[in-house]
Amino acid sequence: MKRKIFISILIIIGLFLLEPLAVAEDYSEWKEGARLSVTAVVAPYTSVKLSVNEITFDVKGEPGDYDANQSVSITVGSNQSKWSVHAKANELIPESDKASSLPSSRLAFSINDENDFKDLGQNRLLIEGDAATPPTAFTLNFRLTTEWEDLPGTYRGDIIFSFLSSP
Amino acid sequence: MNILRSLIIVSILTLLVVLPAYAEDDPLVRLTVKAKIKSNVHIEWEKLPDTDPRYIAFAKNRTTQSVKKNEKCQFFALASHCNRNEKIILLPFALLVKLRTNDPTKIVKIHVENLKSEGGKRIIPVEKLSVSINGGSDQFFIEDIALLQQQEGSELKELALLFCLHTTMHDKSGKYSANFSFITSDIP
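These protein sequence lines are chains W and U, in that order.
Using numbering that gives the first Met the number 0, you'd call the opening residue of the first sequence number 0 and step up by one each time.
Using numbering that gives the first Met the number 0, you'd call the opening residue of the second sequence number 0 and step up by one each time.
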């Protein structure tokens with residue numbers, strides 16, 4: 000009999016002890032102990048990729064328009080709100096001292112196999128987009144116009160692609 | 000009012016200063032370009048028959064030039080006699096040649112083979128053939144004759160070629176033919 004009374008008392012005491020824990024699960028009554036500050040910096044990201052590093056023009060016949068040996072794929076990705084890619088050519092310098100340079104205006108390009116070639120003697124807008132624009136590949140075709148005054152030989156130069164963005 | 004005006008001016012100036020700062024030039028991407036230009040010679044020719052007005056004009060011009068130079072022989076018809084032994088035949092065709100090259104080291108010459116009779120039994124040596132270029136004096140085919148000299152390539156050069164055959168009594172009559180060819184070479 001005493002034993003039963005003792006067990007009953009223990010149960011009652013246990014119920015009293017559990018009650019504060021149940022109350023403690025109510026988060027609204029929690030108090031802030033410490034604060035960890037989290038900062039995420041999303042840096043401006045830009046990627047301009049070309050499928051090749053070099054293009055070659057093989058001018059084997061009479062002067063005229065010659066297409067490059069291959070087209071170039073350009074892929075641009077950026078998280079900038081607005082961006083654009085521009086291109087401009089530098090003159091082609093001859094390896095021989097006797098020859099004159101080929102002006103940059105003799106180089107031209109077209110986008111996505113269109114036949115509308117624009118010369119690269121001046122800075123040209125190639126592509127523009129915004130942060131929502133997914134990286135998309137564009138095909139660039141290049142053309143060189145030669146003249147009778149261009150002496151035989153190898154000429155070298157480059158086309159500069161510049162990226163302009165607004166954060 | 001003055002304060003408001005100043006504020007507007009300051010705002011405009013600030014915009015002018017700030018806007019380019021937002022534009023950001025990222026590192027440039029370079030595409031190397033290589034152009035390999037080969038040596039090229041353009042040779043275009045047209046054979047003018049003796050009925051062509053241009054041929055007649057060239058022939059007249061050649062006659063005039065010859066008279067001016069007090070040459071003994073005068074050409075107008077297909078043939079004329081200089082002396083008992085020599086007969087000069089103005090060939091009944093001319094060549095109109097257009098030449099151009101991008102290579103100053105190139106020279107273009109005309110090469111003619113010996114004239115052969117039908118069947119190839121008789122031969123008139125090519126040395127008896129001469130050419131007048133653009134009404135100039137006769138040049139004999141002792142060797143190949145240059146039509147395009149070095150350093151004169153990039154401009155289109157048009158030449159009218161009239162041929163004369165200097166025959167003697169030893170050259171038998173008949174139809175003769177020869178191959179003409181244009182040859183190019185580099186300057187040694």
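No lab work stands behind these hints, which were simulated from the structure alone.
It is possible that some hints are incorrect.
As the list claims (entries may be wrong) - No more than 20 angstroms apart at the CA atoms, straight line, and that leaves these computed lysine to any residue pairs for SDA-like:
(1) U:35 to W:45
(2) U:46 to U:171
(3) U:120 to U:40
(4) U:37 to W:87
(5) U:33 to W:4
(6) U:33 to W:60
(7) W:87 to U:113
(8) U:37 to W:94
(9) U:37 to U:174
(10) U:33 to W:28
(11) U:33 to W:34
(12) U:46 to U:180
(13) U:171 to U:95
(14) U:33 to W:43
To be verified - Okay, the calculated bits of chain W under chain U, using three or more residues with CB under 8 angstroms as the criterion:
(15) 109 to 116
(16) 122 to 128
(17) 149 to 157
What the hints assert, rightly or not - Just a sample of chain U residues kept apart from chain W, beta carbon distances all over 10 angstroms, derived:
(18) 30
(19) 34
(20) 52
(21) 53
(22) 92
(23) 96
(24) 102
(25) 103
(26) 115
(27) 121
(28) 124
(29) 146
(30) 165
(31) 172
(32) 176
All values derive from a computational prediction rather than experimental measurement.
Each residue gets a CB set at the ideal place from its N, CA and C atoms; glycine is no exception.
The hints, checked one at a time:
{"no.": "1", "hint": "U:35 to W:45", "result": "violated, 34 angstroms"}
{"no.": "2", "hint": "U:46 to U:171", "result": "violated, 26 angstroms"}
{"no.": "3", "hint": "U:120 to U:40", "result": "violated, 36 angstroms"}
{"no.": "4", "hint": "U:37 to W:87", "result": "violated, 26 angstroms"}
{"no.": "5", "hint": "U:33 to W:4", "result": "violated, 103 angstroms"}
{"no.": "6", "hint": "U:33 to W:60", "result": "holds, 17 angstroms"}
{"no.": "7", "hint": "W:87 to U:113", "result": "violated, 58 angstroms"}
{"no.": "8", "hint": "U:37 to W:94", "result": "holds, 14 angstroms"}
{"no.": "9", "hint": "U:37 to U:174", "result": "violated, 42 angstroms"}
{"no.": "10", "hint": "U:33 to W:28", "result": "violated, 75 angstroms"}
{"no.": "11", "hint": "U:33 to W:34", "result": "violated, 61 angstroms"}
{"no.": "12", "hint": "U:46 to U:180", "result": "holds, 13 angstroms"}
{"no.": "13", "hint": "U:171 to U:95", "result": "violated, 29 angstroms"}
{"no.": "14", "hint": "U:33 to W:43", "result": "violated, 34 angstroms"}
{"no.": "15", "hint": "109 to 116", "result": "violated (count 0)"}
{"no.": "16", "hint": "122 to 128", "result": "violated (count 0)"}
{"no.": "17", "hint": "149 to 157", "result": "holds (count 9)"}
{"no.": "18", "hint": "30", "result": "violated, 4 angstroms"}
{"no.": "19", "hint": "34", "result": "violated, 4 angstroms"}
{"no.": "20", "hint": "52", "result": "holds, 30 angstroms"}
{"no.": "21", "hint": "53", "result": "holds, 25 angstroms"}
{"no.": "22", "hint": "92", "result": "holds, 27 angstroms"}
{"no.": "23", "hint": "96", "result": "holds, 16 angstroms"}
{"no.": "24", "hint": "102", "result": "violated, 5 angstroms"}
{"no.": "25", "hint": "103", "result": "violated, 7 angstroms"}
{"no.": "26", "hint": "115", "result": "holds, 35 angstroms"}
{"no.": "27", "hint": "121", "result": "holds, 41 angstroms"}
{"no.": "28", "hint": "124", "result": "holds, 36 angstroms"}
{"no.": "29", "hint": "146", "result": "holds, 17 angstroms"}
{"no.": "30", "hint": "165", "result": "holds, 37 angstroms"}
{"no.": "31", "hint": "172", "result": "holds, 44 angstroms"}
{"no.": "32", "hint": "176", "result": "holds, 31 angstroms"}
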